[in-house]
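Enquirer: Starting from the known structure of chain A, arrange chain B on it as the hints suggest.
Single-letter residue listing:
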Amino acid sequence: MAEYKVKFEVFEGPLDLLLYLIRKEEVDIYEVNLTKLASQFIEYIEMMRVFDLEIAGEFLVMASTLMYIKSRELLPVDQQIVVEGEEEGEDPRWELIRQLVEYKKFKDAAARLQTLEATQENVFPRIPIKPEIEPDTRPKLEVSIFDLLGAVNNILKRIAATRDDGRNIFDDKWTVSEKIEQIIGVLKARENVKFSELFADATSRSEVVCTFLALLELIRLKQLVCRQNDAFDEIEIGRAPVVVAPPVSETAVAATPEAESARHS
Amino acid sequence: MELKFILESLLFSAQKPLTARELRDLLTAAAEAEDAAPEAKPFKKVKDADITAALEQLAKDHETAARSYRLACVAECWQFVTQPEFGPWLKALVGAKLRPSRLSAPGLETLAIIAYRQPVTRAEVEQIRGVAVDGVMQTLLERGLVESVGRAEVVGRPNTYGTTELFLEYFGLRSLDELPAADELRKIVVEKPPGLVTADLGLATPPPEQLALANEEKPVASE
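The listed protein sequences derive, respectively, from chains A and B. Numbering-wise, the first sequence is residues 1 to 265 according to my numbering. Numbering-wise, the second sequence is residues 1001 to 1223 according to my numbering.
Keep in mind the hints are simulated off the structure, nothing from the lab. Don't be surprised by glycine CBs; every beta carbon is placed ideally from N, CA and C. Take the hints with a grain of salt, since some may be wrong.
Said to hold, decoys possible - Result set (PhoX-like, lysine-lysine): computed pairs, CA atoms no more than 20 Å apart in a straight line: (1) B:K1045 x B:K1004; (2) B:K1044 x A:K194; (3) A:K194 x A:K157; (4) B:K1016 x A:K188; (5) B:K1016 x B:K1004; (6) B:K1044 x B:K1004.
Unchecked claim - Chain A residues, not near chain B, derived (Cβ > 12 Å throughout): (7) L21; (8) S144; (9) T162; (10) I183.
Same shape as in the complex, but just chain A (with noise of 0.2 Å):
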């Protein structure tokens, strides 16, 4: 027959323990008699042996903690060993007792988290319908490839002007892929983006290069679709009318050499 065992969870941990055994003595962490509370969390951890429940490792090492400091404590001042490289500032007591108040400061934190949680449980957000409006039906211009390579020219004419002087190398920071979730996490929020949005934040060649590689690979992957609304406008980028989406990640990881091939011709 399988061992019947209770797992102790009354409390989370030893420190835990701790905390509610100075608790129960009212008087200030900083003040608490530790000799004391090592013999009463000794007199816990045999109780729970007593009912046969399983004591964690770390009420053990606590207990270990507490039973050093107490035999130190036994000893006369002139007789304690000083242990090497020990210094007064690494007094077993304050380490404890550092300890202590901050796990109680966190724990109070968890609790004001906890406050916030049910309160948050009950605040709605206003969500209106949207409003009706004709879907802008007018055709769309297609895009070809040159439209874009002209578009990123300029894009990267600008980056020249303003913030690169060539002189500085930097990481590459960005890979195609991680352009590529970001352009989906955009279009995921919004129905279309223009065209130098996507570029609004990109501080360096490499970065608008890995971005608009990363938009050739999606379009390619029939994900996006590119248009404009009359000749010469902004171009505009879509998700592409829903077919059954292929996964994504990581054919365009392997299909990213040969974008590489597409921009170096």
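Expert: Same frame as chain A, now just chain B:
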């Protein structure tokens, strides 16, 4: 036309919460439209800071008016929300809010440590809590409240964790600076009390004289 009322009308009808920047873009778009109304033009070049200031003023106005709803800023996005007191009736209206179950006490503790100390490694969290946090961390990661934000430059390069935007939304916070008692908890340095309070003020030990006395008696007892 006052800026704050334009913003109010936009947020009143917006499909989703909007950031100050998105609002600015709308103002610019309205001013640049071909058939732009003359009153829209002055707001073409309004600054983000002015918009934020106007929104804060608007939020204050609503607070003073003490209506059943207020203008809230969550994760830097502005929206109108109802006051929590009206929860019972709104629940009847929309049905039980689609909200995951409440977090457990260990979950909240762990989350609090990550929120105030980010970026933080798992080992650091465990050190503060004094217990292992594997299971709890897993739950927090799965619920999208925390995420890996990088690696610590220490041996083994462990992952460091931070809170997500969803965390701010879940607790209705504008930013991490709005966490309760943020300035106190962000970087706690518990200063050692001057004069070693722990040793001298009868904290842990009986006074040294007593110890010495006990020591003198000992040899007698053993003889």
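Enquirer: Among all the numbered hints in the text so far, which are the ones the structure does not match?
Expert: none
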